[in-house]
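Participant: When you get a sec, could you build the whole thing from the sequences and use the hints?
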Amino acid sequence: AQTVTQSQPEMSVQEAETVTLSCTYDTSESDYYLFWYKQPPSRQMILVIRQEAYKQQNATENRFSVNFQKAAKSFSLKISDSQLGDAAMYFCAYRLGGTSYGKLTFGQGTILTVHP
Amino acid sequence: DAGVIQSPRHEVTEMGQEVTLRCKPISGHDYLFWYRQTMMRGLELLIYFNNNVPIDDSGMPEDRFSAKMPNASFSTLKIQPSEPRDSAVYFCASSFAGVATEKLFFGSGTQLSVL
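Those protein sequences? They're chains A and B, same order as listed.
In terms of my numbering, the first sequence opens at residue 1 and continues consecutively.
In terms of my numbering, the second sequence opens at residue 1 and continues consecutively.
Treat the hints as calculated values from the structure; they're not laboratory data.
It should be emphasised that the depicted structure is a prediction, and the values quoted were computed from it without experimental measurement.
Please note that a few of the clues may not be correct.
To give an idea of the interface, some chain B residues facing chain A are shown, with a C-beta separation under 7 Å as derived from the structure [what the hints assert, rightly or not]:
hint: 1; residue: Gly28
hint: 2; residue: Leu43
hint: 3; residue: Tyr48
No farther apart than 16 Å at their CA atoms in a straight line, the calculated lysine to aspartate or glutamate pairs in the EDC-like style are these [said to hold, decoys possible]:
hint: 4; chain 1: A; residue 1: Lys103; chain 2: B; residue 2: Asp30
hint: 5; chain 1: A; residue 1: Lys103; chain 2: B; residue 2: Asp56
hint: 6; chain 1: A; residue 1: Lys103; chain 2: B; residue 2: Glu44
hint: 7; chain 1: B; residue 1: Lys78; chain 2: B; residue 2: Asp57
hint: 8; chain 1: B; residue 1: Lys103; chain 2: A; residue 2: Glu52
hint: 9; chain 1: B; residue 1: Lys103; chain 2: A; residue 2: Glu61
hint: 10; chain 1: A; residue 1: Lys103; chain 2: B; residue 2: Glu11
For each label pair, taking beta carbons as the anchor points, the in silico distance ranges come out as [said to hold, decoys possible]:
hint: 11; chain 1: B; residue 1: Glu18; chain 2: A; residue 2: Gln14; range: 32 to 38 Å
hint: 12; chain 1: B; residue 1: Asn71; chain 2: A; residue 2: Asn67; range: 41 to 47 Å
hint: 13; chain 1: B; residue 1: Pro54; chain 2: A; residue 2: Ala1; range: 19 to 25 Å
hint: 14; chain 1: A; residue 1: Pro41; chain 2: B; residue 2: Ala2; range: 34 to 40 Å
hint: 15; chain 1: A; residue 1: Ser42; chain 2: B; residue 2: Pro84; range: 22 to 28 Å
hint: 16; chain 1: B; residue 1: Ile5; chain 2: A; residue 2: Ser7; range: 32 to 38 Å
hint: 17; chain 1: B; residue 1: Val12; chain 2: A; residue 2: Glu10; range: 28 to 34 Å
hint: 18; chain 1: B; residue 1: Ala72; chain 2: A; residue 2: Ser30; range: 30 to 36 Å
hint: 19; chain 1: A; residue 1: Phe64; chain 2: B; residue 2: Ala2; range: 24 to 30 Å
hint: 20; chain 1: B; residue 1: Met15; chain 2: A; residue 2: Lys78; range: 28 to 34 Å
hint: 21; chain 1: B; residue 1: Gln80; chain 2: A; residue 2: Gln56; range: 47 to 53 Å
hint: 22; chain 1: A; residue 1: Glu52; chain 2: B; residue 2: Arg85; range: 32 to 38 Å
hint: 23; chain 1: A; residue 1: Lys70; chain 2: B; residue 2: Glu18; range: 44 to 50 Å
hint: 24; chain 1: A; residue 1: Lys78; chain 2: B; residue 2: Pro84; range: 36 to 42 Å
Note that the Cβ used here is the ideal one computed from N, Cα and C, for glycine as well.
Facilitator: Written as structure tokens, this is what we have:
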């Protein structure tokens, strides 16, 4: 079974600074997708960024970017120019390719605090 | 669109009672998912539907749990009888397979407390 591990239960960053959240995963498959979701205090999960395993180029979405290291099975999230609204719990997630649409395996989450 | 709507937002019940959680997906979405979040197990998929048909219920923990989707705009997750270990936040999410970004839209969840 696939597993997703987030080794940082909590992280903190100063406003306007950069922070990187770590994620590793374990799979024997070659076709899969990786995601970062954000869960603010409102509880509603929000997609931050998505990466297809077959793409070598790292995904970026405005201030959010990933460092996808397929051989190392690592998928870290970098948040640049951190804002107070970035404070939330962040989850890394994995999905097997093919017909497993939407079947996500989540990591345990990292709580991000942003200091003004 | 109002997004995925779940009700109730909070539910407190006593052990042995029946609990029904409700979800209204975003109009036009063809996938619906039920996830559960606990401190011990994190977020885990319980069941999902495609075009109102249950596709994979392997995450449903026990026969006490059941889910239905009678039409494209409504789904329920029922626990009967409820137990204290069922206490968790239950999320409903919907998605449209035609979207390249494969974005799941989550509701705000139902916080269930079984006493």
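Participant: It remains to establish, for every hint, whether it holds in the given structure.
Facilitator: We went through each hint and held it up to the structure:
no., hint, in the structure
1, Gly28, "violated (16 Å)"
2, Leu43, "holds (4 Å)"
3, Tyr48, "holds (6 Å)"
4, Lys103(A) - Asp30(B), "holds (14 Å)"
5, Lys103(A) - Asp56(B), "holds (9 Å)"
6, Lys103(A) - Glu44(B), "holds (9 Å)"
7, Lys78(B) - Asp57(B), "holds (13 Å)"
8, Lys103(B) - Glu52(A), "holds (13 Å)"
9, Lys103(B) - Glu61(A), "holds (14 Å)"
10, Lys103(A) - Glu11(B), "violated (26 Å)"
11, Glu18(B) - Gln14(A): 32 to 38 Å, "violated (49 Å)"
12, Asn71(B) - Asn67(A): 41 to 47 Å, "holds (43 Å)"
13, Pro54(B) - Ala1(A): 19 to 25 Å, "holds (21 Å)"
14, Pro41(A) - Ala2(B): 34 to 40 Å, "violated (20 Å)"
15, Ser42(A) - Pro84(B): 22 to 28 Å, "holds (26 Å)"
16, Ile5(B) - Ser7(A): 32 to 38 Å, "holds (35 Å)"
17, Val12(B) - Glu10(A): 28 to 34 Å, "holds (29 Å)"
18, Ala72(B) - Ser30(A): 30 to 36 Å, "holds (34 Å)"
19, Phe64(A) - Ala2(B): 24 to 30 Å, "holds (26 Å)"
20, Met15(B) - Lys78(A): 28 to 34 Å, "violated (45 Å)"
21, Gln80(B) - Gln56(A): 47 to 53 Å, "holds (49 Å)"
22, Glu52(A) - Arg85(B): 32 to 38 Å, "holds (37 Å)"
23, Lys70(A) - Glu18(B): 44 to 50 Å, "holds (47 Å)"
24, Lys78(A) - Pro84(B): 36 to 42 Å, "holds (40 Å)"
Violated hints, in rising order: 1, 10, 11, 14 and 20; the structure is consistent with all others.
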